[in-house]
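Peer 1: If you want the building blocks of each chain, they are given just below.
There are 2 protein chains.
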Amino acid sequence: MTDKQPLSTEPYKGVHDYYPLDWARVSSVFETIRRTLRLYGFEEYQASPLERAELYESKTSEEIVSQQTYTFTDRGDRRVTLRPEMTPTLARMVAGRRRELVYPLRWFSIGNRFRYERPQKGRSREFYQADVDIIGIEGAKAEGEAVVMAYEILRAFGAENKDFRIRMNSRSLINAAGEALGLSPLEVTEYLSVIDRKDKMSAEDFETARAVYRKNGTDPLELIEARTNESVDAVYQEFMELIEALKERGMDNVEFDPTIARGFLYYTGLVFEVFDTNPENPRALLGGGRYDGLVALYGGEQVPAVGFAIGVETLIDFLTTHNLLPQAVSGARLFIGTPTENDIASAQVLADSLRKQGVSVLVNVSGKSLGDQIKEAVKRGIPYFAAYGENEATSGSLKLKTLESGQEDAVSKDELVSIIVR
Amino acid sequence: MTDKQPLSTEPYKGVHDYYPLDWARVSSVFETIRRTLRLYGFEEYQASPLERAELYESKTSEEIVSQQTYTFTDRGDRRVTLRPEMTPTLARMVAGRRRELVYPLRWFSIGNRFRYERPQKGRSREFYQADVDIIGIEGAKAEGEAVVMAYEILRAFGAENKDFRIRMNSRSLINAAGEALGLSPLEVTEYLSVIDRKDKMSAEDFETARAVYRKNGTDPLELIEARTNESVDAVYQEFMELIEALKERGMDNVEFDPTIARGFLYYTGLVFEVFDTNPENPRALLGGGRYDGLVALYGGEQVPAVGFAIGVETLIDFLTTHNLLPQAVSGARLFIGTPTENDIASAQVLADSLRKQGVSVLVNVSGKSLGDQIKEAVKRGIPYFAAYGENEATSGSLKLKTLESGQEDAVSKDELVSIIVR
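Going down the list, the protein sequences come from chains Y and V. Going by this note's numbering, 274 is the number at position 274 of the first sequence; the sequence numbering is gapless. Going by this note's numbering, 378 is the number at position 378 of the second sequence; the sequence numbering is gapless.
Only chain Y is shown next, with the shape it has when bound in the complex (with noise of 0.2 Å):
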């Protein structure tokens, strides 16, 4: 080993190595969302990232997606993807167990996703997100509730409606424009996508892709706002009913933008997205929209299902921006100094005890001074320090130490875990 250059420490690059405060941190996040689903129902689920390849090249996922996948050939000649979003393979396990499942399903999965791209500020190799479904349930109903989750898993964190806004849109809406207008579908599709990127475009780029898709001085967009089409105008009443439903239940941050395409193209129905209400944010905190088509793919009948994804990423950065991030610990909430060596056994018996009453305990092993044990207490972020020698056993009283405020209070051994618990 020895007569080697020493081998790098970084990462593999556009991945993050977490270190206990930053996974602590992001375990937090994951925490209020896993959370707020329980108390709805939403049961979790999970998956290998090993996929076989053709699941994303069945063209419904985002062009940019299946260009963007880690593919691989295995040792058996296997083609093997990681997953690069996670929709794909929930199909294909709903599909794989559509006979025994107990409809509809609410399930949610909070993990990595890969995609192979240029690593740049906000956006990683790896990057994290928890998807959540509703399966089985058609029309507005479930589209309704999809949103609503995606509105309480933010209002969880703390955020407050001007924090935020949620623009739904509707693909059904589009595509009866589309066929009012005498488009085809794939033109139809054509348009979602130049609609879609839109933000990447100039304003004059913009017109001009969209002029390709006017009939007689009109596009479906503007159409769309006219609505002088009798069967575009039902379609869109039909809309603005479900967000009618959602403003009643006190959700006056949805608006209706039909500007809101998303890439994938296995949507057919709802979509939505969600935007910070700071400009300086401009990304989707998370997006999503009805699938109806994805698990026929595997066979059988097609499945109405709705659902969203968040990204762990962007929402941190949206609950950084509001100061609503939650405070991260990794660490224990004593620590019990030993004045000598002798008095490690004894700490350890009374950390034993504290531990069997839920308390997280670290014990000082090292030979230490006290004031060195206190000194790595406080680099260690741990909130409460108390020395346990020979004196303290025999009275049963520790002097307690709230390291921040350096204030000290003598307590017996029993009232220690009613002040240290969390």
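In short, the hints are calculated from the structure, not lab data. Being a predicted model, the structure only gives us computed values, none of them experimental. Hints are supplied without guarantee of correctness; some may be wrong.
Since the list can't tell identical chains apart, any single copy or any two copies may satisfy a pair.
What the hints assert, rightly or not - Restricting the straight-line Cα-Cα distance to at most 25 Å, the calculated cross-link-like pairs of lysine to any residue (SDA-like) are:
hint, residue 1, residue 2
1, K379, E117
2, K200, D257
3, K379, E57
4, K368, E100
5, K356, D22
6, K13, Y116
7, K141, D317
8, K162, D233
9, K13, R113
10, K13, L370
11, K198, N278
12, K413, G396
13, K375, L350
14, K162, N281
15, K356, S28
16, K13, Q67
17, K13, T73
18, K247, R167
19, K401, A345
Got chain Y; can you put chain V on it based on the hints?
Peer 2: Okay, now just chain V, sitting in the frame of chain Y:
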């Protein structure tokens, strides 16, 4: 989409799909491990499964591991490996911040690891492990603490000492014996590899293989047993002190076993494995040891380190055998039935007030009869059912049905929480 053959619903070969109940079972095992470690001040870290391939090519890993990695070349011509084990990543991360970290580190990580091997019972291409490590403490103090943590984790699941054996050995002892016999370091390494494969050979083949390392009729194992050499005896006595200290702590299932070798070449002192006492489950539940040289591969001084990894699947087998696997629940705690569609809105209001108090609630939104709603609740494994219609809204009293027993109790809305809460 419709002109294609349906896609297969199978996951990629050798990995598992975790449907909600499966995942609830695995998660509850993670949670017990996590809670136990946190009580002792251990902090969780995480890293991407994508690692630079060179981490596993430094000849420190078990040969079988480096032969069984998933290694591929990315679009930027970098060689990437899906991590087959966590220790090299941990060493890399520690080395990367070696000056900033507060020692000793007590770190753990729970996650998936990947090995390309033939799928068979208990061996998947993706498997979950918990890695637990103590970094920055030399000698028996840290080694004892590592073994104690392994013990406490199993105890936290309710395992008793009679259910498992902790077999401990010391590479230092084998090294001392090899040196005393005049074997070269390479010969000692080869000899260790023979011991490691003992259970995979016939008794005859084992004797033939070890005979190569006999000097004047004695091989290292025999010298350790005889203890006729002073320096071997000194190392032996020191190691016995560690074992005695653990026994005094109540761990009467600890034993010295000089045939515990462990495959990884990076171990430098203690090595240990934990086995089910039920002979039908012969694979090690967990294993680990001291690996003082690993961090220094990334430059700088040696850093003392000791740790172990628990295989979650093997642990689940153990817990199942001993009837200790926690009961997994993935769904809601209460199903609120709605007699008519008009009742859904007020049922949602009741549900929201219960959720605010921490109860997981599912509200029926289908048009099913109440009888079918009860059947659905049973199928989902939800313990309680209560219908909430106009009568209940007016009276404020509900009939709460305990689905397992079929018992019905009239309870007020306010009493619900205290009965239902887990």
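Peer 1: State for each hint whether it applies.
Peer 2: A quick look at each hint next to the structure:
1. Taking the shortest alpha-carbon separations for K379 and E117, neither the intra-copy value of 37 Å nor the inter-copy value of 44 Å comes in at or below 25 Å.
2. Only within a single protomer do K200 and D257 lie at most 25 Å apart by alpha-carbon distance; the minimum there is 17 Å, versus 66 Å between protomers.
3. For a Cα distance limit of 25 Å, the shortest separation of K379 from E57 qualifies neither inside one copy, at 50 Å, nor across copies, at 36 Å.
4. Proximity of K368 to E100 under the C-alpha cut-off of 25 Å is restricted to the inter-copy arrangement: shortest distance 18 Å between copies versus 61 Å within a copy.
5. Taking CA atoms no more than 25 Å apart as the test, K356 paired with D22 passes in neither setting, with 28 Å inside one copy and 29 Å between copies.
6. Taking CA atoms no more than 25 Å apart as the test, K13 paired with Y116 passes in both settings, with 10 Å inside one copy and 23 Å between copies.
7. In this assembly of identical chains, the alpha carbons of K141 and D317 never lie at most 25 Å apart, being 31 Å within a copy and 42 Å across copies at closest.
8. Proximity of K162 and D233 under a CA criterion of 25 Å is satisfied in neither setting, with 30 Å inside one chain copy and 74 Å between copies.
9. For the identical chains of this complex, K13 and R113 are neighbours both inside a copy (15 Å) and across copies (19 Å), given an alpha-carbon limit of 25 Å.
10. For the identical chains of this complex, K13 and L370 are neighbours neither inside a copy (43 Å) nor across copies (56 Å), given an alpha-carbon limit of 25 Å.
11. Only within a single protomer do K198 and N278 lie at most 25 Å apart by alpha-carbon distance; the minimum there is 20 Å, versus 65 Å between protomers.
12. In this homomeric assembly, K413 and G396 come within 25 Å of each other (Cα to Cα) only inside a single copy, at 6 Å, whereas the closest approach across copies is 47 Å.
13. Taking the shortest alpha-carbon separations for K375 and L350, only the intra-copy value of 22 Å comes in at or below 25 Å, while the best inter-copy value is 51 Å.
14. Proximity of K162 to N281 under the C-alpha cut-off of 25 Å is restricted to the intra-copy arrangement: shortest distance 15 Å within a copy versus 58 Å between copies.
15. In the homo-oligomer, the alpha carbons of K356 and S28 lie at most 25 Å apart both inside one protomer (24 Å) and across protomers (19 Å), since each shortest distance falls under that limit.
16. Proximity of K13 to Q67 under the C-alpha cut-off of 25 Å is found in both arrangements, the shortest distances being 19 Å within a copy and 23 Å between copies.
17. Within a single copy, K13 and T73 get their C-alpha atoms as close as 21 Å, and across copies as close as 13 Å, so both meet the 25 Å cut-off.
18. Taking identical chains as interchangeable, the C-alpha atoms of K247 and R167 lie at most 25 Å apart only when both belong to the same chain, with a minimum of 12 Å there against 64 Å between chains.
19. Within a single copy, K401 and A345 get their C-alpha atoms as close as 21 Å, which meets the 25 Å cut-off; across copies the closest is 52 Å, which misses it.
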